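Asks: Sequence:
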Amino acid sequence: MSIGIEFMRHKARCLVLWNLTLDKKGGQVISGFGTSTCRDLVTEDRRGRITSNLGCCGLARFSRFIRPVARRISMEQADDLSDFPLGNTDGSQVAVLYNRRRRKIRIGVRFVLGRRSQEAEPTLWTVMAVTLVCGPGPVEGL
Numbered sequence: 001m002s003i004g005i006e007f008m009r010h011k012a013r014c015l016v017l018w019n020l021t022l023d024k025k026g027g028q029v030i031s032g033f034g035t036s037t038c039r040d041l042v043t044e045d046r047r048g049r050i051t052s053n054l055g056c057c058g059l060a061r062f063s064r065f066i067r068p069v070a071r072r073i074s075m076e077q078a079d080d081l082s083d084f085p086l087g088n089t090d091g092s093q094v095a096v097l098y099n100r101r102r103r104k105i106r107i108g109v110r111f112v113l114g115r116r117s118q119e120a121e122p123t124l125w126t127v128m129a130v131t132l133v134c135g136p137g138p139v140e141g142l
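Residues in the sequence shown are numbered from 1 upward in steps of one, following this note's numbering.
Hints are supplied without guarantee of correctness; some may be wrong.
Claimed, not checked - Here are the simulated EDC-like cross-link-like pairs (lysine to aspartate or glutamate), alpha carbons at most 20 angstroms apart as the crow flies:
1. Lys104 to Glu121
2. Lys11 to Glu119
3. Lys104 to Asp83
These aren't lab readings, by the way, just hints derived from the structure by calculation.
The structure displayed is predicted, hence computed values, not measured ones.
Construct all of the structure, not just a fragment, from the sequences and the given hints.
Replies: What follows is the structure, encoded as structure tokens:
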């Protein structure tokens, strides 16, 4: 989650992921390179069963609500929080928030859309992410 946020905060236009499916040990590992540092989206066991992992949820947060050609908007940075706010071309605003600390935090967020504003105060538990959307139409949450 934090990798995706940090890439986008530094004006990356894309995030490329590879080794999307790994075994339970984090492999395939190339001999001579030590242990795997790969992070998977899904894990496949010996019977062929697929289990989605945290990376899959993180990618879903970006791809479900952030539209192509979205633009970065400003947001005050909180010390305990990784955040990534965007404005979509349809007028909606999206904020992906990730509490990277080992304690819960409560944060106030205010979206400003022209003359009106909308506020939220989510509590993020330890190592938790939330996606907030404020926009011109109804939105289904994650």
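Asks: Each hint should be assessed against the structure and marked as holding or not.
Replies: We went through each hint and held it up to the structure:
With a C-alpha separation of about 13 angstroms, the suggested pairing of Lys104 with Glu121 holds against the 20 angstroms cut-off. Restraint check: the Cα-Cα separation between Lys11 and Glu119 comes to about 26 angstroms, which exceeds 20 angstroms; the hinted pair is violated. Only pairs whose Cα atoms come within 20 angstroms are accepted, and Lys104 paired with Asp83 is accepted, the gap being roughly 15 angstroms.
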